[in-house]
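Chains B, C and D with the ligands: place on chain A using the hints.
Chains as they are written, first to last, in the working numbering: chain A, 1 to 336; chain B, 337 to 672; chain C, 673 to 1000; chain D, 1001 to 1328.
Just so you know, the hints here were simulated from the structure itself, not pulled from any lab data.
Any given hint could turn out to be false.
In silico DSS-like cross-links for lysine-lysine, where the CA-CA straight-line distance does not exceed 30 Å [what the hints assert, rightly or not]:
no.	chain 1	residue 1	chain 2	residue 2
1	D	Lys1295	C	Lys782
2	B	Lys592	B	Lys360
3	D	Lys1295	A	Lys121
4	D	Lys1295	D	Lys1322
5	A	Lys121	A	Lys16
6	A	Lys24	A	Lys241
7	A	Lys16	A	Lys241
8	C	Lys782	A	Lys121
9	B	Lys352	B	Lys457
10	D	Lys1110	C	Lys967
11	B	Lys352	B	Lys577
12	B	Lys457	D	Lys1110
13	B	Lys352	B	Lys592
14	B	Lys457	B	Lys577
15	A	Lys24	A	Lys256
16	A	Lys24	A	Lys121
17	C	Lys967	C	Lys994
18	C	Lys967	B	Lys457
Owing to the predicted nature of the structure, the values given are computational and were not obtained by experimental measurement.
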Amino acid sequence: MQNAARESLPQCQALKVLGPAGLKASLASMLLIRAFEERVDQLYLAGRTRGTLHLSIGQEATNVGALHALRAGDRFFSHHRGHGHALAWTDDPRRAMADILGKSGGFCEGFGGTMHMADVKSGFLGGNGIVAGGLPLSTGVGLAIQLRAEDAVCLVLFGDGAANEGALHEALNMASIWQLPVIYICENNSYAMSTPVNRSINVETISSRATAYGFPGFTIDGNDFLEVFDCVHAAASRARKGGGPTLVEALTYRIKGHSRSDRQAYRSREEVRRWQEPDRDPLLRLEATLLHAGIVDEEELSAMRLRASDRVDDAVAWAEAAPAPDPSGLLDHVYA
Amino acid sequence: MQNAARESLPQCQALKVLGPAGLKASLASMLLIRAFEERVDQLYLAGRTRGTLHLSIGQEATNVGALHALRAGDRFFSHHRGHGHALAWTDDPRRAMADILGKSGGFCEGFGGTMHMADVKSGFLGGNGIVAGGLPLSTGVGLAIQLRAEDAVCLVLFGDGAANEGALHEALNMASIWQLPVIYICENNSYAMSTPVNRSINVETISSRATAYGFPGFTIDGNDFLEVFDCVHAAASRARKGGGPTLVEALTYRIKGHSRSDRQAYRSREEVRRWQEPDRDPLLRLEATLLHAGIVDEEELSAMRLRASDRVDDAVAWAEAAPAPDPSGLLDHVYA
Amino acid sequence: MRELSYREALNEALVQAMDADPDVILIGEDIGTYGGAFGVTRGLLDRFGTGRVIDTPISEAGITGACVGAAISGLRPVGDMQFSDFITLGMEQLVLQGARMRTMFAGQVKVPLVMRLPGGAGTGAAAQHSGSYENWFVHVPGLKVVMPASAYDAKGLLLAAIDDDNPVIFCEHKLLYNTRGHVPEEAYREPLGVSRVWRRGRDLTLVATSMMVALALEAADQLAGEGIDVEVIDPRTLRPLDETPIVESVIRTGRLLVVHEAVETGGFGGEVVARVVASEAFDYLDAPPLRLAGKDVPVPQSEVLEAAAIPQFRDIVRDARKLARNEV
Amino acid sequence: MRELSYREALNEALVQAMDADPDVILIGEDIGTYGGAFGVTRGLLDRFGTGRVIDTPISEAGITGACVGAAISGLRPVGDMQFSDFITLGMEQLVLQGARMRTMFAGQVKVPLVMRLPGGAGTGAAAQHSGSYENWFVHVPGLKVVMPASAYDAKGLLLAAIDDDNPVIFCEHKLLYNTRGHVPEEAYREPLGVSRVWRRGRDLTLVATSMMVALALEAADQLAGEGIDVEVIDPRTLRPLDETPIVESVIRTGRLLVVHEAVETGGFGGEVVARVVASEAFDYLDAPPLRLAGKDVPVPQSEVLEAAAIPQFRDIVRDARKLARNEV
Ligand SMILES: Cc1ncc(C[n+]2csc(CCOP(=O)(O)OP(=O)(O)O)c2C)c(N)n1
Ligand SMILES: Cc1ncc(C[n+]2csc(CCOP(=O)(O)OP(=O)(O)O)c2C)c(N)n1
Ligand SMILES: [Mg+2]
Ligand SMILES: [Mg+2]
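One chain only, chain A, in its complex shape (with noise of 0.2 Å):
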């Protein structure tokens, strides 16, 4: 993987639709989000965090990439590893940081937690705490879509691991004979927990799945930020004209541990340090891209960086101020 995106920058769609300003809101989306988890983290460590966690450092690109790509009317699960995409679609850290610390005022006020926010009238369909748990919940919503004859998409995001969920495979078929407007993003990050992919699967890619359905599949660069957004953006394209579903997968890497409770027996330090390097880190690379093109310069990347840790500690602030929920309202939302 090499930074290509940087010098066919003005070839992208991404910059012909976000413009210099989108790119830019999404480099600190990017940086809201690493500055968000490293702050969970030692939260975690300070034993103030309950229950599990799952990071998204090293798959901003990602995260950000793909949802930048939507508009808004689109909709979107993500999964247990979710942070990353309820930042860069609410951009909302105070509401994040409430979930994680089970305050009010978050996104599911003190019931769901961290695998569990969502967002549901801005699209948002929610995290999801069981593996490849979003997918046949994406089929409903491409039928309603294509029911109504909307001028939307669903996406869903998935890990490597949940790629051998049976769910998988009934929901990309179902999708393929009806043509739903549906884009699977597939976050290849090398391991499910302690399962690296090559352990798990026995083809050279996860997109090639796509094809025994008989749909597109892509495998791109998922650390680059310029191409994840291109490939979602067309793929959402054509969706919207009727076109189907497609498979993408995104290559990346999951920095942190995979759960509280990881000791990391199955890779080594070196490896996690490679992807830490300037030709890999997400936020480096699309960085590295703008400031190329003139579109950041070092002082305002500064700043940007600046106000992300700001945003984080305002988000932590505000959060733990925030009273914990009111355990009379414990069975207020189970039947509706």
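Only chains B, C and D with the ligands this time, still in chain A's reference frame:
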């Protein structure tokens, strides 16, 4: 589909492995299945069966070709349309008929009936009422064979409709990464109940799905006994040598309705008739080949047909004379 | 009075719901040309087209997920599981997604779906096509569970289930499809969460569900001839359970027998008994509350074995008589 | 006396079973290098190799089917569901295949498998990772259901479950993994189907399972100080249920409280109550038999909400006290 095999019999593995006597035995098995199923159909129409019924008529070449390519020590899983498999393997129409008539003395003693015949000691691991239900099970049998380094394979039969269950995906993937000695036979008989195969998948062949998992898949003429035999035999040889799984899609046709309740509004009589012509009917085709090769003559053929019909008469008489299951044994098999 | 079969009543409910609301769609295997495995959706494809009567591949997790996804998008899908047993393939989508999403997201979504489960034994369909799983769903907060025992209730409850904004498990019984009864033409609703008292009686309260209701009523007739006056109550909705009429009845009769087809152990009968004995009816009990239910065995295929596994008319008569006569 | 944690006790049971019998194999996600999501299989890959400690892709139906297929081939697989909730993806293979195959085939097969389900709430894992599903399995003939509450029982019952020739659902609790207790070194078995009376008492019978056992014992201690003498019984095996000690106890105490973490409606408590009131203990009941169980809501993530959803020590004390004092 033409009767290519007719000319190429001398090159067929089937002739080498089975010899002329074996080929005759296979034809006899196909004749038995046909006669048996036609009788079962009559018994149903006369109100003498209970529950559902799925007949194998038209699929005899796949039934017998696949199972006669196995050998002692091998195992297989059948499915809901499994009378043909039971007969091809056990050559025991009495027990099969007893199961269908809900009598004692059959394979499953009144507990299982038409969909749940099994003769576990011989390697017949049972029919299944759940579409694709045998697929995950075959993974476990394949694992057991592999762990014990047995010189055996496990074969699992399923329909075209079953190919859309998530179970297929999980089973094929696991077999591929572990290189299990499992052979997957998809009896593509053109319909799943009322659903034509081209309405439930969006690719040309079901066998192509194997490539998405990284092992060979073949689409063959499932009404050509010799082609089925040779393909399965080769797959079994490969599997025995540690070569891993194979997916075989055998193109065939279900001549009768799906089950008792089928009004067959989804297809034309003409279509059914075409599949009964001499160039398609699996019995007529194997008969013609063996006649042409001088392995049987017309007289012997007539005798074989008569014998099939006699054996079915005998099976019906035997099963009707058998006692009903004793309800005092109701709870005998719930726990070991 | 117009009579319809249970099958026709369900069909009419679907037609009326779909006529009234374009958001009502059907999703399932062979529900189009074939008309559903039990003929319940016959004619609907012609009337409403492939956009609203959606024939699927054999993919039960996919079907369940499609229903949940469509429901949170504002549609009102009615899923068809073909046989109740196949929901074992959709449990994750139904239970972990459909039933929990509203709570997990603190009320941000509604999940208005109906999943039809044709269940029950008695047809010789054997262990994988004869199941009664209703108590699994009773045990899942977020779901409602409905189980109509007559053509009249089939229509009224299905219309109410489709109106409901929650995921409703709708348990039909294969042997009921051909049973007939009075069914008004208009699109009436029978509210969820209301038990039906089929028959008043002073000596014993018989709570029965689904297929067992008709047998219970027959048994009550026979026992009336013996001077035993049986009250028969059908909860109709198992979750939420309207226990008041049951408790009131037991206060009057002092005796309770719960009859269902599902196997006894871990079944719905335990829930009814536990609620009754925890209620004020406890002080009025003259005899131990009893259950009569399916034997603890996978449903066998052959007639004699199957009949031995499932409560029969004579079993109900026997147990009710014993209970009424204090012979337990 | 040697002490081990519940986790270590399970690990030791696996080691001893695998040492003794080459047919015992483990199948599940991340059970190798990772040592299992809760560390129960730590060290086993090194000891027994990849042929017997089989890390799988994320394919729960596949895992369940692999266990059933291996079991009918003469192996004794121990499956690991990572979280109990994920068995929702394997219900068809477990219930329709594994539990029923022996009966459908009239006894031709044995299905000796153990499926380990780490379940329960209390860790802030939210609605899809905190479930207690034991009563679903209690409702399935062909399965056995085991639920150890202590390190000692964890080891003894797991060894017995592996010995058993039937499919056994082995319900562990995440909050118990770190609890410690006396665990002998030898490979002892605790027989399936035998309740454990943890504490004798005259005033009230408290039946508790899993995590609730320790809370019940604490509550009994506290109540003893108030002059209320509580008997605490842990069924340990929920199916088959050894009800005799419970019935005998209620005959002595006249009062029954069943406590479990799973939601109340449709839960195992109903089964216990129904059995007790149908028994000779009926005549000895001095108060309505009661249940105390999880609230009917998907388990929430945050601490206060989660605590409100699950029975707490103080809830047990409160309900037991009320019952003992006839305040219900
Ligand atoms: C159905 C199911 N099985 C297993 C798990 C436990 N689990 C949570 S995340 C995970 C690994 C997922 O891997 P992948 O899909 O690659 O996503 P990643 O964690 O790498 O982002 C596993 C096994 C789960 N949550 N759901
Ligand atoms: C899981 C499951 N879903 C649905 C059914 C109902 N059913 C029985 S056979 C069948 C069609 C199967 O089609 P196919 O696999 O092509 O086999 P064929 O009947 O054509 O031999 C269906 C839908 C079932 N038995 N199991
Ligand atoms: Mg991954
Ligand atoms: Mg077919």
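For this session: Sort out which numbered hints this structure fails and list those numbers smallest first.
Result: Of the numbered hints given earlier, the structure breaks just one, which is hint 13.
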